[in-house]
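Given these sequences and hints, build the entire structure.
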Amino acid sequence: MIRVDNLSKQFGSVHAIDNVSFLAEDRRVTALLGPNGAGKSTTLRVLAAVIRADSGSAMINGHEVHAAPDLVRASIGVMPHNSGIYARLSARENIRYFGRLQGLSGDGLEQRIDNLIDQLEMRPFADRRAKGFSQGQKVKVALARALVHDPKHVLLDEPTNGLDVMATRALRDIVHGLRAAGCCVLFSSHIMQEVENLCDDVVIIAGGRVRYTGTLGNLRAVAGTPDLEEAFVTLAGLTQAQT
Amino acid sequence: MSAFVTVLGKECIDNLRDRRTLISTFALSLLGPIILVGLMSFILDRALGEQDDAITFSLVGSENAPALVAWLREQNYAIKDIELRDGTDPRALVTSGDNDVVLLIPKNFAKRFGAGQMTTFTIVYDSSEMGSASRRANQLERVLNSYARAIGVLRLQVRGIDPQLIQPILVNELDVASSAERALAVLSMVPYFILLVAFMGGFYLAIDTTTGEREHGSLEPLLSQPVSRVSLVLGKIAATCVFALASLLLLLFGFYVGLPLVPLERIGLALDVSFANFLMIFLLMIPLIWFAGALLTVVASFAKTYKEAQTYLSFLIMVPTLPILFTQLMGVEASLWMMLVPSLGQSLLIQDFLTNEAVSGINLFCSALSTSILAALLTRAATWIYNREQILG
Chain A
0 MIRVDNLSKQ
10 FGSVHAIDNV
20 SFLAEDRRVT
30 ALLGPNGAGK
40 STTLRVLAAV
50 IRADSGSAMI
60 NGHEVHAAPD
70 LVRASIGVMP
80 HNSGIYARLS
90 ARENIRYFGR
100 LQGLSGDGLE
110 QRIDNLIDQL
120 EMRPFADRRA
130 KGFSQGQKVK
140 VALARALVHD
150 PKHVLLDEPT
160 NGLDVMATRA
170 LRDIVHGLRA
180 AGCCVLFSSH
190 IMQEVENLCD
200 DVVIIAGGRV
210 RYTGTLGNLR
220 AVAGTPDLEE
230 AFVTLAGLTQ
240 AQT
Chain B
0 MSAFVTVLGK
10 ECIDNLRDRR
20 TLISTFALSL
30 LGPIILVGLM
40 SFILDRALGE
50 QDDAITFSLV
60 GSENAPALVA
70 WLREQNYAIK
80 DIELRDGTDP
90 RALVTSGDND
100 VVLLIPKNFA
110 KRFGAGQMTT
120 FTIVYDSSEM
130 GSASRRANQL
140 ERVLNSYARA
150 IGVLRLQVRG
160 IDPQLIQPIL
170 VNELDVASSA
180 ERALAVLSMV
190 PYFILLVAFM
200 GGFYLAIDTT
210 TGEREHGSLE
220 PLLSQPVSRV
230 SLVLGKIAAT
240 CVFALASLLL
250 LLFGFYVGLP
260 LVPLERIGLA
270 LDVSFANFLM
280 IFLLMIPLIW
290 FAGALLTVVA
300 SFAKTYKEAQ
310 TYLSFLIMVP
320 TLPILFTQLM
330 GVEASLWMML
340 VPSLGQSLLI
350 QDFLTNEAVS
360 GINLFCSALS
370 TSILAALLTR
380 AATWIYNREQ
390 ILG
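Protein sequence lines, in the order shown, are assigned to chains A and B. Read in order, the letters of the first sequence correspond to residues 0 to 242 in numbering that gives the first Met the number 0. Read in order, the letters of the second sequence correspond to residues 0 to 392 in numbering that gives the first Met the number 0.
Hints may be right or wrong, so weigh each one.
No more than 30 angstroms apart at the CA atoms, straight line, and that leaves these computed lysine-lysine pairs for DSSO-like [as the list claims (entries may be wrong)]:
no.	chain 1	residue 1	chain 2	residue 2
1	B	106	B	79
2	B	110	B	79
3	B	303	A	130
4	B	306	A	130
No wet-lab data here; the hints were simulated from the structure.
Encoded structure:
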């Protein structure tokens, strides 16, 4: 479970996030939804203990991110928005590197990598160097890398960016698999339609503030419209001028 | 500790697979010894050739001046007798390519010599030719002039006239830069190459592991691993140092094999650099390589983009060569305070080891200690940079 309480972070005079609070439960997929520059990445960075919030707290797996950053880092799997894999290493080597940094080694690690390669259907390109991988292949490697230590909490930053239909479907199956395995999945997106098939709960964030938290079903009722895109625009307080 | 080893291993494998890094790391250490040894050998060969080898030229009309020809042969001139058929242009002897320097002695030389009259000799050569023809023609002209002068002096003395009367000025040339000294100037570039390689060897790694990692988007996931920033930074600096060390080893091996090939003993210079001395040079460079790795990493971490880092570091790797210029221009003697300056101390110590001079243990110790302390401070600075949120750019 991820519990975020009144997180605020300022970069210079810009309030990147302002009193952000929400709850992401285990066995559920939570979407952090918002337009570009809403504060989604900043929130995820604070949760991954890469940057410190100015105020507020965030608990992951019972650990506070600022107080015990390494315990938090060990219990989350993070996938950044541009996959960020090493082009001169093979898919397997990319995964192994992060496995070792997570403290895994030996046969246990190799076994785990093999399982992930099968699970994510990476067999055909597992031992090829990542240079020249398609976007879908890169996302799979980045995902396997994030999951190598079998984390119970998974943070995905815009995971569907640049994916084609089949790759998006594959990702959806993986995310639902994680949910079935009891994980708490939190992912960010700026595309409402994607979220519909992927998530159970939605946190809408705009201008650094939370505009809505709740289930997908409840979202339509609160916004007063059956159209999800319309609901998103209404709740995010967007106008044509802003978009 | 294990995270440090993991990062070090990954950065080494990653960069071993990058052709650009490999070229920039090892090109200088491979080519440096070849260029220096080749250059020195070439200069010395030319210098020694001037002294030892016989001056060759072709001669038309040797029967007209047997005494002169015999004297020239004694002066270590190798003379090839050739014929010039009547009515042909003497230039053809050279333009045909058969001869490069031809001396023409006219038929009437003996008669005119006896009568005390002046005779014109002609030297035919092609000054645009790349070889040694011009030099040999000049030398031949000089030796003929001095022969003529000697005859003239004798004639005046026979007649009771002071020969100084016809030569009010005698020019004496003092060429300070002998060819051998030019070869020595090339030799003094050896420490320069050694210092340069310590900085060049880690050049691309320092950029790739810092700014490069950020630009490829892999820094953020790396920083979200449960690993201390100290381990990450140490691993990255260590990888930079490993490449610089490998590059330095290659360079020193090249000099160890190459320098004995230079015929320095022929100019009376003993350059007998033992294996032990090369080993000492390698050891005394280790603190400087740490210093270089940390310095490059710190500066590259500050750069916003790969290109910006390249620009900064290109300037930076020139800095360690400044002390060499300083010592060469000022002609300073090594003193203790110089040992405290990274790269200045090492350059002076390398010179001592190359010329087999006694090296003070205190100087060695001070150089190693001071450079290590500064390297540790720079490493600390790099860790500080990685602990800042701004590292994500």
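Checked hints:
1. Distance check on the hinted pair: residue 106 of chain B and residue 79 of chain B sit about 18 angstroms apart at the alpha-carbon level, within 30 angstroms; holds.
2. Distance hint between residue 110 of chain B and residue 79 of chain B is fulfilled; the C-alpha atoms sit about 24 angstroms from each other, no more than 30 angstroms.
3. For the hint pairing residue 303 of chain B with residue 130 of chain A, the CA-to-CA distance comes to about 23 angstroms; that is within 30 angstroms, so the pair holds.
4. With a C-alpha separation of about 21 angstroms, the suggested pairing of residue 306 of chain B with residue 130 of chain A holds against the 30 angstroms cut-off.
Violated hints: none; the structure is consistent with every hint.
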